[in-house]
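When you get a sec, could you build the whole thing from the sequences and use the hints?
Below, each chain spelled out in residue letters.
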Amino acid sequence: MEETRLILNNNTNYNPVCAKEYAKNGGYEALKKAVQMTPEDIINTLKESGLRGRGGAGFPMGLKISFVYKTPSDQKYVVCNADEGEPGTNKDRVIFETVPHSVIEGMIISGLACGADKGIIYLRWEYPQVNELLTKALESARKNGYLGKNILGSNHNFDIEIYIGAGAYVCGEETALLESIEGKRGEARFKPPFPGVVGLWGKPTLINNVETLANVPLILTNGPAWFKKFGTEKCPGTKLFTLCGNVNKPGVYEFPMGVNLKDLFAFGGEVKKGKLQAVQLGGVSGSIINAEQLDVKMDPETLASKGLTLGSGAVLFIDDSEDMIDLLENIMEFFVHESCGKCTPCREGNMRLLELIRKFKDHSATLEDIDTMMDLSETMICASLCGLGQASPTAIVTTIRNMKKVFTDRIKEEQNNG
Amino acid sequence: MLNEVEKIASAYKGRKDMLIKVLRDVQPLTNNTLTPEVAKTIANAMDIPLAKVYNTATFYALFSTEQRGKHVIRLCRSASCHLNQAEELLDQIAKKLQIKVGETTTDGLFTLETCECLGLCGSSPSMMIDEDVYSNVTFDQFKKIIGKYR
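Protein chains in written order, with the numbering used here: chain A, 1 to 418; chain B, 1 to 150.
FYI, nobody ran anything at the bench for these hints, they're computed from the structure. Honestly, I wouldn't trust all of these hints.
[As the list claims (entries may be wrong)] Selected chain A positions facing chain B (Cβ under 7 angstroms, derived; list incomplete):
#: 1; residue: Glu126
#: 2; residue: Gly153
#: 3; residue: Ala168
#: 4; residue: Tyr169
#: 5; residue: Glu182
#: 6; residue: Gly251
#: 7; residue: Asn330
Treat the numbers as computed from the prediction; the structure is a model and nothing was measured. Beta carbons are placed, not taken as given, at the ideal position from N, Cα and C, and that holds for glycine.
In structure tokens, the structure reads:
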């Protein structure tokens, strides 16, 4: 199986930060078209392409832009969510290192479509070299007339600034991210109102993942029909997958949406040693499956029909030397640390789940504790304020569903030791 | 030192949205520590309540109100690094520096911390020392790397 590189351009022989060289290789063609188009035309093109958000939620991009477009305001913003903090994911870093101008171009076009003249890239502080590279790329875009006043001689204005975070996973959640840009603690806001209506500084704000924005120029240049040739009917295009964990060839690879997980496993050269025990899909907030469930298409619909998640496209391969309880403890420690603490189900729930996992670790758990974990998880999924608390029990819930033995074995041991 | 802090912060007087940037810029000057004096200086210079400075400073992993060393070593402990023996590496590093996680070496040079995902999952285990990023880290490499910071 070979990669299908639409976003990660195969031509890597040019300096990625240079706007001129990007333009020579077909870049900024989409923007040239966009400045001649009406906002409605751009929005309809994106709607027709079926592009959906690549950050994890999978919301239709065209629809999202139309909400911002329809909200009247003296000021609107386009925010690029580059707070890539989901463990097991580093696709956004690779996109910035390979084709930073695709993201910039995608932001400008989105700005034209929704009526925003200001863009902000919220970049995690852990990516200082990306900051350096992006700063140069933005300068180059400004110098060549793609950013700033009167873009490409039109009467459109748009400029982008970089905003650096300070280490908080929850800031990848869109409303927490906005709070952080405003200089506050990254605590999620209540929704509605959604950021498309009341966003940054109370103004309508379009927030998109890096990968989603990088798709926009491709669609404008090649047309929605071309885009729909890739991927699945309900989710066209490609997806960047981060293969990691105990896999032989870890890295970020681009495949059509709907690629089979067993092909990804083969492409990654299988596990380094021993046998595959489990896979976690979509980062630590994603679902865990056993090695027998590997034959599954990686697209939002197929996965959702099996109660699984695509998330950010992280694929964590776990070999049979790993103690799953140990991994679950690690995951729950992560969520206890990263919960912002604003709502009780998430703040308390993650703590209690961690305590319960530790009971299995030290063999003091009972069968009842499995039910308690399921009950607690359900409460968190229903009652947490934002995606963090709604998704953090996923690893435990899916392990119970797909690998129950992991838990029952520990109980038996206790009884045997009795 | 407080003069320099004041200089950085006063450039953003009234700009509460710039607080995170100010805290980030100030930290290297203050041994990576936001002491009450530093926080008060920032609050006065930016003309924002001290409580707000404390509120933001205590939320983000990058900032600390506890005493830290000149350099902060952050070793990733998230899933992919966890599966690639990051904990063994952490134990070796802690032993070498003769400190526990969260502590600072007696010479005040290094603070050892664990952190969550650094976005280098394709090349685990990974770590940062201040703003420098290292991936596929082995203990042997670590010993060489910290030489650069002594």
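Hint-by-hint comparison with the structure:
no., hint, verdict
1, Glu126, "5 angstroms, holds"
2, Gly153, "33 angstroms, violated"
3, Ala168, "5 angstroms, holds"
4, Tyr169, "6 angstroms, holds"
5, Glu182, "5 angstroms, holds"
6, Gly251, "4 angstroms, holds"
7, Asn330, "5 angstroms, holds"
Taken one by one, the earlier hints fail for this structure only at number 2.
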